[in-house]
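Residue 353 in our numbering sits at position 353 of the sequence shown; the count goes up by one each step and never skips.
If you are wondering where the hints come from, they were derived from the structure by calculation, not from laboratory data.
Yeah, the Cβ is synthetic: ideal placement off N, Cα and C, and Gly gets one too.
Honestly, I wouldn't trust all of these hints.
Said to hold, decoys possible - The following label-pair restraints were derived from C-beta to C-beta distances:
(1) GLY271 - THR133: 23 to 31 Å
(2) PRO237 - GLU15: 41 to 49 Å
(3) VAL40 - THR422: 44 to 52 Å
(4) ALA73 - THR114: 17 to 25 Å
(5) MET436 - VAL40: 27 to 35 Å
(6) PRO206 - GLU44: 39 to 47 Å
(7) SER423 - ARG385: 19 to 27 Å
(8) GLU15 - ALA470: 24 to 32 Å
(9) VAL40 - GLN382: 21 to 29 Å
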Amino acid sequence: MGLSLVQSRALRGLEAARVTVEVHLANGLPSFTLVGLADVEVKEARERVRCAIQNAGLQFPHNQRITVNLAPADLPKDSGRLDLPIALGILAASGQIDGSRLADYEFAGELSLTGALQPVRGALAMALALHSTTAVPKLVLPPGNAEEAALVPGSQVYRARHLLDVVRQFVPPGSTAAAQDDTEPVPDDGWCRVEAILHTQHRTGPDMADVKGQAGAKRALEIAAAGGHSLLMVGPPGSGKSMLAQRFAGLLPPMSCEEALQSAAISSLRGRFAIENWGQRPTCSPHHSASAVALVGGGSPPRPGEVSLAHHGVLFLDEMPEFQRTALEALREPLETGAITISRAAQRCEFPARFQLVGAMNPCPCGYLGSASHRCRCTPDQIRRYQSKLSGPLMDRIDLHVDVPQVPHSDLLGAQLGESSTSIRQRCVAARQRAMDRQGSSNMALQGQAIDQHALLAADALQFLHMAAARLGWSARGTHRTLKVARTIADLAGSQHTQIGHVAEAMQYRRTVSP
C-alpha cells in the first residue's frame with residue numbers, strides 16, 4: 001500500500017484555491033476511483049494519466065486499487081490542470097519518485113497521451129495566489145504557462161515539457177537516474193527555471209492624426225482619457241465614430257505593474273493572454289449580437305465576460321442600441337462599482353471590471369437624423385423607440401455625450417493631418433498625474449466626501465453648477481459626474497481650482513439622447 005500528497009491549484013473566479021491531490025494504493029480488485037467534486041474534464045484524467053504513464057515508460061499500478069481524492073471536497077474542480085499532480089501522486093504512492101520532495105512544489109498541467117504537458121488556463125492567477133503567501137513554493141507549469149506565470153515578481157517558476165522531465169527531478173536518492181541540479185539547468189532541457197520578464201513598452205497603434213476634423217469629439221476623448229470617464233458618441237454613418245474609438249486606447253496613460261498583472265490574470269482565465277500584450281491596455285469590441293452572459297460573465301463555473309477582459313482598458317460598444325436590452329442594463333453595476341458579482345447555485349464569484357466604456361450609435365434607425373446631406377426616413381415613433389433602447393439609468397452613468405457630425409468633403413479631402421496621439425497622450429498623462437498626486441486616484445474613481453474635498457470648486461462655479469442642476473433636472477449621480485468631468489478639464493488646463501469655465505464645458509457633455 002502507498003499514500004502520497006501533491007499540491008496544485010483550482011480556479012474559483014479570479015482566485016486560485018489550493019487543492020491537495022491525495023493518492024492511495026491498496027490491494028483489492030483493480031480500479032481507478034476519483035473523488036472530490038470533480039467535473040467531467042477532471043474525471044477524464046483517469047484515461048489520460050494511465051496512457052501518459054505507460055507511454056513514458058513508467059509503471060502504472062494496474063493490479064491495485066487506486067483512490068484519488070481532491071481536497072477540499074466541497075470545491076468544484078474543472079479543466080485538465082490536475083492531470084500532472086494526479087500522475088505524480090500515483091508515481092509517488094508506488095515508490096517510483098520521492099514523494100517527500102514534492103512538498104516544496106505546486107504542479108499544474110494537462111497531460112497528452114504521450115506524456116507531453118499541455119498549457120492550461122489561469123497560470124497567472126495561480127502565480128498571483130502563490131505570491132500572496134508567506135513562503136512562496138516552486139510552481140511547475142507547461143511551456144507557455146511558465147513564461148506567463150514568471151511575470152509575477154518574486155515567483156519561482158519551472159517549465160517542464162514532458163512528464164519525464166518532472167519525474168527526473170524527484171527520483172529516489174541513490175537511483176541510477178539521478179535528478180539534475182536545479183541551479184544548473186541545461187539550456188535546451190525540458191526542465192528549467194523561467195525568469196521574470198517585467199519590462200513594458202508602449203506599442204504604437206492607430207494614430208489620432210489620421211482623423212480629419214471632429215475637433216469636438218477629439219476633445220471629448222482627451223477628457224475621457226485624462227479622467228477615466230465613459231463616453232458615448234452619436235452621429236450618422238461614416239462620420240468617424242469607430243475610427244475615433246479605435247484610437248482611444250492610444251491616449252491612455254501606461255499601465256502600472258499591478259494593473260498589468262490584474263489585466264493579464266483575467267485574460268489568462270479565458271486563455272487569451274499573450275506575452276507580447278504584456279503591459280498594453282486591452283480594447284474589447286464585442287459584436288452587438290453578444291448576450292448578457294458574454295458581456296458581464298457567467299456560466300458554470302462562472303467565467304469573466306468582456307467587461308472584465310477590458311479591466312483597466314476600453315470596452316467599445318459599436319451600434320450600441322442594437323445590443324440586447326438585458327445586456328446593456330447589465331452594465332449598470334460595473335460602470336458604477338468597477339466590479340461584477342456572478343452568483344450561481346453552486347458558487348459565487350466576483351470579477352474586477354474597472355473599464356472605460358466607449359459607445360457609438362446613430363441618432364435614428366436610418367442614421368441620418370439632423371444630417372444636412374441626407375434625408376431622414378424615420379417616423380418620430382421609430383426615432384423614439386430606437387433612442388429609448390438606452391435607458392435613462394444607463395445614460396445617467398455615461399459621463400460624456402458628444403455629437404459626431406459628418407465631415408464636409410472639402411475638409412475631408414483638403415485638410416491636413418490633425419494632432420498626433422502622442423502629443424494628446426502627453427497632456428492626458430500629465431492631467432492624470434495631477435489627480436493621482438492630489439487624491440491618489442483618477443477623477444472618475446472619486447466617491448462620497450472625496451468629491452467635495454478634491455473638486456476644489458470656485459464660489460461662482462459652485463453657484464453656476466447648482467443653478468444648472470436645478471434647471472436641467474439632473475440626478476445626484478449626474479451632478480456628481482458633471483463635477484468630476486469639470487475637475488478633469490481643470491487638470492488638463494493645469495488649474496488648481498475648478499473654475500466656472502470648466503463647469504460650463506463639462507455641462508455640454510451632460511446631454512442625453514431624447515427618450
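Right, here's what the structure says about each hint:
The given range of 23 to 31 Å is respected by GLY271 and THR133, whose C-beta atoms sit roughly 25 Å from each other. The beta-carbon spacing between PRO237 and GLU15, approximately 44 Å, falls within the hinted interval of 41 to 49 Å. At roughly 51 Å, the beta carbons of VAL40 and THR422 sit within the given window of 44 to 52 Å. Taken as a hint, the range 17 to 25 Å is violated for the pair ALA73 and THR114, whose Cβ atoms sit roughly 32 Å apart.
In this structure, MET436 and VAL40 break the distance hint of 27 to 35 Å, their C-beta atoms being roughly 47 Å apart. For the hinted restraint 39 to 47 Å between PRO206 and GLU44, the CB-CB distance of approximately 44 Å keeps it satisfied. The supplied range of 19 to 27 Å is broken by SER423 and ARG385, whose beta-carbon atoms lie about 42 Å from each other. Taken as a hint, the range 24 to 32 Å is violated for the pair GLU15 and ALA470, whose Cβ atoms sit roughly 46 Å apart.
For the pair VAL40 and GLN382, the supplied restraint of 21 to 29 Å is violated, since their beta-carbon distance comes to about 48 Å.
In this structure, the hints that do not hold are numbers 4, 5, 7, 8, 9, in rising order.
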